[in-house]
Amino acid sequence: MEQLTQDFLRTKKLPHIWCPGCGNGIVTAALVRAIERTGFEQKDVVIVSGIGCSSRAAGYLNFNTLHTTHGRALAFATGLKMARPELKLFVIMGDGDCSAIGGNHFIHSARRNLDLNAIVVNNHIYGMTGGQHSPLTPTGKKATTAPRGTLEPAFDILELAKGAGATFGAKGTAAQPRQLEQLIQRAANHKGFSVVEALSTCPIAYGRRNKLGGAVDMLKEMKEKSISVERAAKVDESELEGKTLTGVLYSIDAPEYSEEYYKSIGKEIG
Amino acid sequence: MPESKPVLMQGNEACAVGAINAGVRFYAGYPITPSTEVAEQMAAKLPDLGGVFIQMEDEIASMAAVIGASIGGMRTLTATSGPGFSLKQENLGFAIMAEIPCVIVNVQRMGPSTGVPTAPAQGDVMQARWGTHGDHPIIVFAPSSVYESYYLTIAAVNLSQKLRQPIIVLLDEVIGHMREKVTIPEGKLMVERSSDKTVPADYKPYDEKGITPLVPFGFGHYYHVTGLFHDQYGFPTGDPPQVERALDRIHEKLEKYRDEIVLTNYIGHKEPRVAIVTYGCTVRSARAVVKKAYWQNRMPVGLLSLQTVWPFPAKEVEELAKQADVIIVPEMNMGQLVGEVERYAGSEAKVIPLNRYDGEMISPDQISEEVGRWL
Amino acid sequence: MVQAKRKKVNSELDINRSWCKGCGICIAFCPKEALFLDKTGKAKTSHEKCTICGICETFCPDFAISLVERRLSN
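Residue numbers (the working numbering), protein chains in the order written: chain A, 1 to 270; chain B, 1001 to 1375; chain C, 2001 to 2074.
If you're looking for bench data, these hints aren't it; they were derived computationally from the structure. Just so you know, these numbers come straight off a predicted model, no measurement behind them. Built from N, CA and C at the ideal position, the CB exists for glycine as well. Check before you lean on any hint, since a few could be wrong.
What the hints assert, rightly or not - The calculated lysine to aspartate or glutamate pairs, modelled on DMTMM-like cross-linking and capped at a C-alpha distance of 20 Å, are:
hint: 1; chain 1: A; residue 1: K162; chain 2: B; residue 2: D1202
hint: 2; chain 1: A; residue 1: K13; chain 2: B; residue 2: D1048
hint: 3; chain 1: A; residue 1: K12; chain 2: B; residue 2: D1365
hint: 4; chain 1: A; residue 1: K223; chain 2: A; residue 2: E237
hint: 5; chain 1: A; residue 1: K263; chain 2: B; residue 2: D1048
hint: 6; chain 1: A; residue 1: K13; chain 2: B; residue 2: D1239
hint: 7; chain 1: C; residue 1: K2032; chain 2: A; residue 2: D217
hint: 8; chain 1: A; residue 1: K12; chain 2: B; residue 2: E1057
hint: 9; chain 1: A; residue 1: K267; chain 2: B; residue 2: D1048
Said to hold, decoys possible - What follows is a set of in silico ranges between Cβ atoms, one per label pair, in the way DEER data are often shown:
hint: 10; chain 1: B; residue 1: R1343; chain 2: A; residue 2: I17; range: 40 to 46 Å
hint: 11; chain 1: B; residue 1: N1265; chain 2: A; residue 2: K191; range: 49 to 55 Å
hint: 12; chain 1: C; residue 1: F2036; chain 2: B; residue 2: V1243; range: 38 to 44 Å
hint: 13; chain 1: B; residue 1: L1228; chain 2: C; residue 2: T2040; range: 31 to 37 Å
hint: 14; chain 1: B; residue 1: F1219; chain 2: A; residue 2: K191; range: 42 to 48 Å
Same shape as in the complex, but just chain A (with noise of 0.2 Å):
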């Protein structure tokens, strides 16, 4: 990391806690520099997260961070962003923290269209807790609470977003790394609820169950298996099966939660 990042990071708390190859590492690297590049103030800049593997990446990083409970990052952000409007929250969420025990607050965060940026590291699996599926797994795939793989379908979590109000969606992969720091730059200069999905990889809790190699084989697939948007739009539709989308999905001009409060009593902000 380049020495202004480095700032950015509590260096005495590294090494982290996450496995040898874990995604989470790349997607928070990409995170740092993305708020590097917004040029946010260091000091207005909050990284608010959930429980599981990738909310920890709060304790990693130089801001004030809070690590908060299971699934609620978003609620806690609300009233944060509420009280304190010019603050940029940052919401670090694991795929089963958001879209299970947090789905409620996720889509009401997404209909108020507060100007939260959610982050939601998708790894497809509960990696904390040793690797239990998430409403993010994909039908069929195995999980410690799933032997015989899941019978359950998956959200798309974007389109869930979308249908719920959010006004800037887009997804990146940590096998991108360059591409989805710009996303997520992208997001945090939205004005609204943005959620950047960020696919990772789980070597050790997902893939090794799942056979799906190790973490160079599963970051080797996730790239395989990318098209920009832009590039979709060039290519044949049969070309297009069976890959993930990358890019800026959505992106609307929509009032934002908080300057809309403030205005209604009488308040200008930012």
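Given the coordinates of chain A, assemble chains B and C onto it according to the supplied hints.
Chains B and C alone, transformed into the frame defined by chain A:
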């Protein structure tokens, strides 16, 4: 202090007015009988004061939001009843562990479960102490009048800031919904917060030495807030001596300021033979009994009313037990606080529970009948 | 507000050995095969092959790789 004109005020409204006068400018909540009026009052009043009112999607989110806003530097409050109080427990525990000031009002209904939403009870007393998991400290106030709702909410807001401790104000449906004449004093009631200028360079939000004022987020002090056990800077640790020390410290906070936290009131005979110990709306019935028995008829009876139910007023009950032969504990539940009275009365006094749990108040007649049995 | 400058000239790769967990991702994604695992299982650079493209820095999950100003060597 100059007094304003007396007004007729509802208990729930008094909570809201007290909160606002104590500087609360952020409310997040969810509608639930019989507490909804607190939310409605805040929704009406906060915007004109530049404050934030937000109705969250559920009780859990409300609790989270008041914690988040408090970390941002606002004084915050939320209100609920039994089912919502149950939902809030996890995040309440977080606030206790992370030492974030906030006030939770629980207007008790008849429970368990959905219960009788519009009937009073005192069934959440033990839950208020132990509802969230682990050996956590808690402060719980129980107003027995509209005016007490007002000033105990103020006390809760201020103490919560001073001690960095979430505080519960335990009303019941009677106190919450009744209307009484109240005279709100004029003038500034808020306790000032420490200014940012006194923050040391090496800011320790969880200083081992005791209580440190919380410096809100956004001022360049990059500490970590978590529900995990943590060191003085907020970073997670599982090191046994640090864990034990951290848990002791959050309890010691309350012990150090006991005199400001444990509030009781005694009326009646200086040397009572039969005493009543109670809290909340039941105090009103007990007071009627003591008025007649002592003030009118000079009988050796007295009433110790507990404005603070947790930490339990052990000292006050011990003292009372030395005097009285019998202590009657009327509660609108199956006997939740009586165990604590027994514990501290020991062999000094006989403790008699008087319980009612049908959604109706304990009447003065019920209490005086029991008192009469022992005189 | 300070902007970090990404200098290619006068830069070299620095790998923090205490943070590197030897996952091998940087090695796999280096377009010039300029990285390898040394005897202790940590990543190391073959400086003659390295073109300072910075791809490894973005792929490292451990924040261990930095492009730093070239140290004056004797």
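Status of each hint after checking the structure:
About 44 Å separates the Cα atoms of A/K162 and B/D1202, which puts this hinted pair outside 20 Å; it is violated. Simply put, A/K13 and B/D1048 have alpha-carbon atoms about 45 Å apart, too far for the 20 Å limit, and the pair is violated. Pair hint A/K12 plus B/D1365 does not hold up; C-alpha atoms about 68 Å apart against a cutoff of 20 Å. Taking the CA atoms of A/K223 and A/E237, the gap is near 19 Å; set against the 20 Å cutoff, the hint holds.
For the hint pairing A/K263 with B/D1048, the CA-to-CA distance comes to about 12 Å; that is within 20 Å, so the pair holds. Restraint check for A/K13 and B/D1239: the C-alpha separation of about 15 Å stays at or below 20 Å, so the hint holds. The suggested pairing of C/K2032 with A/D217 holds, with an alpha-carbon distance near 19 Å, which does not exceed 20 Å. For a cut-off of 20 Å, the pair hint linking A/K12 to B/E1057 is broken: about 39 Å separates their Cα positions.
For the hint pairing A/K267 with B/D1048, the CA-to-CA distance comes to about 10 Å; that is within 20 Å, so the pair holds. Hint check: B/R1343 to A/I17, Cβ distance near 44 Å, so the stated range 40 to 46 Å holds. Evaluation of the 49 to 55 Å hint for B/N1265 and A/K191 yields a pass: the beta carbon distance comes to about 54 Å. The supplied range of 38 to 44 Å is met by C/F2036 and B/V1243, whose beta-carbon atoms lie about 43 Å from each other.
Separation of B/L1228 from C/T2040 is about 32 Å and conforms to the stated range, judged on CB atoms against 31 to 37 Å. In this structure the hint that B/F1219 and A/K191 lie 42 to 48 Å apart at CB is violated, the actual value being about 24 Å.
The structure shown violates the earlier hints numbered 1, 2, 3, 8 and 14.
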